[in-house]
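*Asks:* From first to last, the protein sequence lines are chains A, B and C. Residue 190 in the working numbering sits at position 66 of the first sequence; the count goes up by one each step and never skips. Residue 44 in the working numbering sits at position 42 of the second sequence; the count goes up by one each step and never skips. Residue 137 in the working numbering sits at position 132 of the third sequence; the count goes up by one each step and never skips.
Note that these hints are calculated values from the structure, not bench results. Ideal Cβ positions, reconstructed from N, Cα and C, are used throughout, including at glycine. Be aware that one or more of the hints could be misleading.
Claimed, not checked - For lysine to aspartate or glutamate, the following EDC-like pairs were computed, each having C-alpha atoms within a straight-line distance of at most 20 Å:
(1) C:459 to B:86
(2) C:321 to B:315
(3) C:321 to A:304
(4) C:253 to A:317
(5) C:510 to A:189
(6) C:372 to B:81
(7) B:67 to C:421
(8) C:458 to C:423
(9) C:372 to B:112
(10) C:256 to A:415
(11) C:372 to B:114
(12) C:430 to B:79
(13) C:459 to B:112
(14) C:458 to B:114
As the list claims (entries may be wrong) - Stretch by stretch, here's where chain C covers chain B in the computed footprint (C-beta under 8 Å, at least three residues):
(15) 109–115
(16) 135–147
(17) 291–303
The primary structure of each chain is shown beneath.
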Amino acid sequence: MTSYFIRRLLLVIPTFLGITLLVFAVTRVVPGGPIERAMNEALLAQTDSAQMIDMNSVAGAALSEDQLAELRAYYGFDKPWHESYVIWLGRVMQLDLGMSTRYTEPVWDIIKNRFPISIFYGITTLILTYAVCIPLGIAKALRHNSVFDNATSAVVFFGYALPGYVVAIALLTALASAWEWFPLGGFVSDNFDQLSTLDQAIDILYHATLPLIAYLAGSFAVMTFMVKNSLMDNLSSDYVRTAIAKGMPFKRAVFRHALRNSLIPVATSFGQLISVIISGSFLIEKIFNIDGFGLLGFESLVERDYPVVMGILVISSLLFLVGNILSDICVAIVDPRVKFGENGS
Amino acid sequence: MKLRPQLNPLTQRQLARFRSLKRGYWSAVILLITIVLSSGAELLVNSRALIVSYEGNWFFPTYGKYLPGSTFGLGYEYETNFRELKVFFERQPSNSNWVIMPLVPYNAFEVDLPASRYPPNAPSLSEKHYLGTDTTGRDVLARLVYGFRIAISFALILLICNYTIGVALGCAMGFWGGAFDLFFQRVIEVWSNVPFLYVIMIIASVIIPNFWTLMIVMVIFGWMSMTWYMRTSTYKEKTRAYVLSARALGASNARVIFSHILPNSISIIVTFVPFAIAGGITSLTALDYLGFGLPPPTPSWGELLSQGTSQLESPWLVTSVVGAMVAILLMVTYVGEAVREAFDPKKFTYYE
Amino acid sequence: MHLRMNPIARALIALVSTLALIGCGTNDKGNALPETPGEVAQEIVSYPVNGVLPKGLTWETNNEDPIFASADAKPGGTFRTYVLAFPLTIRRVGPDSNGSFAGYTRAGFLQLVSLHPNTRNFVPTLATHWAFDDDGKTVYYRLHPNAKWSDGTPITADDYLYTLDFMRSKHIVAPWYNNHYTTQIVNVVKYDDYTISIEGSSAKPKDEILYEYSMGPVPKHFHVLDENWVRENNWKVEPNNGPYQISKIEKGKYIEFTRKKDWWGNDLKYYRYRFNPNRIRVRVIRDVNIALQHFFKGELDTFGGVLPEFWHDKFKGKDFDNGYIHKIWFYTDNPQPAPGMWLNQSDSILSDQKVRYGLAHAMNIDKVITTVLRGDYRRQHTHHEGYGDYSNTSIRARAFDLTRANTLLDEAGWTERDDRGIRTKGQQTLSLRVTYGQSHHTPRLVILREEAKKAGIDLTLQLLDSSISFKQMLEKKHQIAWMGWSGGGLSPRYRQFYHSDNANKPQNNNLTNNAVPHMDNLIDQYRAATEKTDRVELAHQLEQMLHDTGAVIFTFKVPYTRDAYWRWMKLPEFRGTRVGGLFNPMGGQFWIDELERQSVLDDTAPKTAPVSILDTTYLSE
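With the hints as extra help, turn the sequences into a complete structure.
*Replies:* And the structure:
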């Protein structure tokens, strides 16, 4: 078992290389990158920027081959992609993620600054999801087909069917704009630094309430039903029936035996929890004006900020790969029957 | 297993059980009716008339070649405006000509822009815009119906493709394990990290994306999660006593998989079906919302949603599309719940 | 600037076209330069004097034009506005410096001369006088002796010489500037610390050279040009010479500008009573609709309403009814952008002039204007509107006319129709792809598409990410390009858009692949002409020839600016200038009544009937 996980850890290396190589290659094919933007700008410049800066207005001219070569060198497009990849990888090995082409700042600094926000929202959402879904799933399984079960299903599915960004816009319009109960977005107030610790906590919560509701609205359904269905499976299985037939109290049968087994599917997603530090929804962040990972990720994609795209990829793929292994470890812990790595044929 | 013309008793029992689950059953009925109706939407929601009787000849314009206005003595060569034709005929009482229009006499593309008022226009019974018009003056109901048809077929086809790949591959990975498993785990890990949006952008810059290209992209990037769940489930079942004993009795691999592992994993598979369909609909909607989906002017819920959320002062836009989404997704999930309960090989035990 | 037509972009255009105008009332050489104690005197290497001023120059200036600000204006207060994205840099040049924030930073850097917005005469700014050389391409300037950078360093001839070094440097990674300051501005000569000349590349009429070969200085003492320049200057506040300077940067949240109290040009004629707010705070709000909610809460002072749905539908509520928020619709008269459908004449279908004419007659632009655009926009008839004498106003765009469209298309051989009613010719279907990059233009195209069906034309809409769509157009891969060139300058430009040198080659602005030999001749003549009357005559001919090719179907123009503003925002009696810019934060004439702000927000201010102003002073039609 241990050797299996060591082997899994070693396998992270080729997978990581595969992921980064593939995405690096893809970024070279996407149209509309920084060089093309500069070319576009040169042709638009005779009207736009000229007027802005110099009042001058001259014929837009295509960039010369020399100028293009300089731009390619500046953005690191002057070498064949595999060579550039090797250079990039070498830097990553030295923990240097490079420089954002849009912000002209180190990628790591940009990413690092978003961690507090994503961790806050990620972990809060997660804790609330588990805190609601596991008890709710259990209760629903035990009272299957009752009024309670039907009513909660309707509520949970309703939340699931509503897109998070619609919830966000509705909340913002009603509670922040019309009734002014909550602020119109942001992570903290402008005078955050001057507040006492208690007030700072209140300030964060005050700003976080609406985004959290938007994040949570759709997140209950899958988890609740996973717990419910899985517990019902186990309740109907032979070992629970046998246990009850032999006189074990029902509660004990549920909580000592069935529950543990029914949490296995939940555990398969456990390892991925470490990815919350780079989580965030682009649309919700945009609506609530939160500078988190969703905005950074989406904007770097759309604006072709390749160093940032690759930087996020490095972090997200490593977290993802390690998360998968952690998931397997979790499964192995909660389900002793699962034996990874043994000859499976 | 041989196919028999009659359903076997087990299936009959399952169907009876499904029927007894009222919420799921009625959701399924309504959903099926909706899908069937939407597949013939041209007969219900269309700017082309159902039947035109003109000078003793009958015309059925719904399907087939366009009929220029000159066919009915109108002075133009482009497609007849049947709503106007109807009014035109009705104003001549001596005339025996008549037109029967569908329930909603608009299609999803035409712009209805009455003078003096600007789109979007609020719902109006007299104009037969039952849910109003969008920012371009197109009938919201028509766009909802045709948008639904596209979204639901998209979700269903996507589901079938993803599940075929996911179940087969996941099962194989869990069953054989070893190098095969390892290799495909890596493939999945690599794939799930490719920025989907870039692939869409690359494709959109080469060709105008359509239903099938978008489908292919979604399948290429969508099969992983089912594969992963199936793999875990197979691993779990493989080590169970009944599988081990079946093997000890010399059951073939195929028999172990099809008679033991798959039926016992069915709850995993079926649990995710409604979420997968809902996921198919919502991801198409989200892509359209962000402008990376089907090209305009394809009727689309995402496009309507983005109109609605930026035009909250025209509430019929956002309420009709959100209402439709919630209704459809709720029914899909209820059906899924009932299917799971009815078709699970294990009977639920109640300890009350 | 049709590429990004949202309220912010509009506001920026207004902002940009109202370049800060500062006149100099006096030219008192007796004024000693104030000392700036405490400043660390940097060692500034001085450029050698390398010119001898020609004799007999006629120095010109302009102190006669009326001022365009109000003596009632009260300084003070904070103006709050927003941008949709936090700027990537506050550099003026270099990568990503051309975003929506550029208007704010660049407004802090003045030019030698500027245009009076109403008279369109040149007025002195950093230069007090100017004179023309007989060669027709060199201008001499006398610099304002009091002009200073925000750190107190005087602005001298050396800064202008340095501008050339700076703008030509590879280290700024700004190829367009490298080009411009090499090919257009050929030389700068210093005669003494306060006298320079600038030589342009070719002879032009006087107003043109003054316009085209004017420039602003770069603070020589501040910059260190090396390969790290781009990165190191990302967030460094460069000394500027305008009335405002950045005083605070909260990354991702806001940038604040503060009015310089002892600004060198405080008492100058065209400057007084303007730039009234003490602070300008530019917040980031990433969604227009949410920004509007901030405006309704009183957290923003004004809100742009050029787009019809804002003006007609969203600008509603009790604050409008109570007269707390006012609306103003202000017509302007300045060079219009040229939005249109640019037909690729090398395309097999569109190479036929009859098809192009037929297509033009099948485009129901007026229906788009009267429906989704609420009748607010107007039809654009030619490429160059709002250029005064240069504009050929006799040309009318081809109107929607199905009979003529049908006749033309029939004559072109597109006589059969398929099952959908779309015309065919042999195996080909009359289906044309429209490439565009702005999703909010879809409603306009949807209407055109539905109307075009009546003529048997099928338009397929290809909506792309805006940079990809422009790339496709520049590579001439489009059939119909739906885009707009921004307007500006004193006179029309033709060469880059219509000269055959650019046809059928990628990476240039001839999107129609226009190649008409006779047009080439006229374009060359136009460029060579130095007399305005000749140029006007040639421009009229060229515009007519362009119309005759049918290569472009021009669409809309928006000759106005519209805003909603809280009542505490005060405008002068004349409200705005010819170019609009009512609430241009960096150069406007408005002022803020902070007391009234309080009473309005407390709901204690007296209520009035709703106020909606329509100002047609500069309506040209």
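*Asks:* So, for every hint listed, does it hold in this structure?
*Replies:* Now for the hints, and whether the structure bears them out:
1. With a C-alpha separation of about 15 Å, the suggested pair residue 459 of chain C and residue 86 of chain B falls inside the 20 Å cut-off, and the hint holds.
2. At roughly 10 Å between alpha-carbon atoms, residue 321 of chain C and residue 315 of chain B fall within 20 Å of each other, so this suggested pair holds.
3. For the proposed pair residue 321 of chain C and residue 304 of chain A, the alpha carbon gap of about 18 Å is at most 20 Å, so the pair holds.
4. The straight-line distance between the Cα atoms of residue 253 of chain C and residue 317 of chain A is roughly 16 Å, inside the 20 Å bound, and the hint therefore holds.
5. Restraint check for residue 510 of chain C and residue 189 of chain A: the C-alpha separation of about 15 Å stays at or below 20 Å, so the hint holds.
6. With a C-alpha separation of about 19 Å, the suggested pairing of residue 372 of chain C with residue 81 of chain B holds against the 20 Å cut-off.
7. Between residue 67 of chain B and residue 421 of chain C, the direct Cα distance comes to roughly 13 Å. Compliance with the 20 Å bound is thereby established for this hinted pair.
8. Of the supplied pair hints, the one linking residue 458 of chain C and residue 423 of chain C holds, its CA atoms being roughly 12 Å apart against a limit of 20 Å.
9. Taking the CA atoms of residue 372 of chain C and residue 112 of chain B, the gap is near 14 Å; set against the 20 Å cutoff, the hint holds.
10. For a cut-off of 20 Å, the pair hint linking residue 256 of chain C to residue 415 of chain A stands: about 10 Å separates their Cα positions.
11. This hinted pair checks out: residue 372 of chain C and residue 114 of chain B have alpha carbons roughly 11 Å apart, not beyond 20 Å.
12. A threshold of 20 Å between alpha carbons decides the hint, and for residue 430 of chain C with residue 79 of chain B the separation of about 17 Å falls inside it, so the pair holds.
13. A distance of roughly 12 Å separates the Cα atoms of residue 459 of chain C and residue 112 of chain B; the hinted pair therefore holds under the 20 Å criterion.
14. With a CA separation close to 15 Å, the supplied pair residue 458 of chain C and residue 114 of chain B stays within the 20 Å bound.
15. Closer than 8 Å: that is the beta-carbon criterion, and the segment 109–115 of chain B has 4 residues meeting it against chain C, so the requirement of 3 holds.
16. Chain C is given as covering the segment 135–147 of chain B, and this holds because 4 residues of the stretch bring a CB closer than 8 Å to a CB of that chain, at least three being needed.
17. Beta-carbon proximity to chain C at under 8 Å applies to 4 residues in the segment 291–303 of chain B; the threshold of 3 is reached and the given coverage holds.
Consistency note: the structure conflicts with none of the earlier hints.
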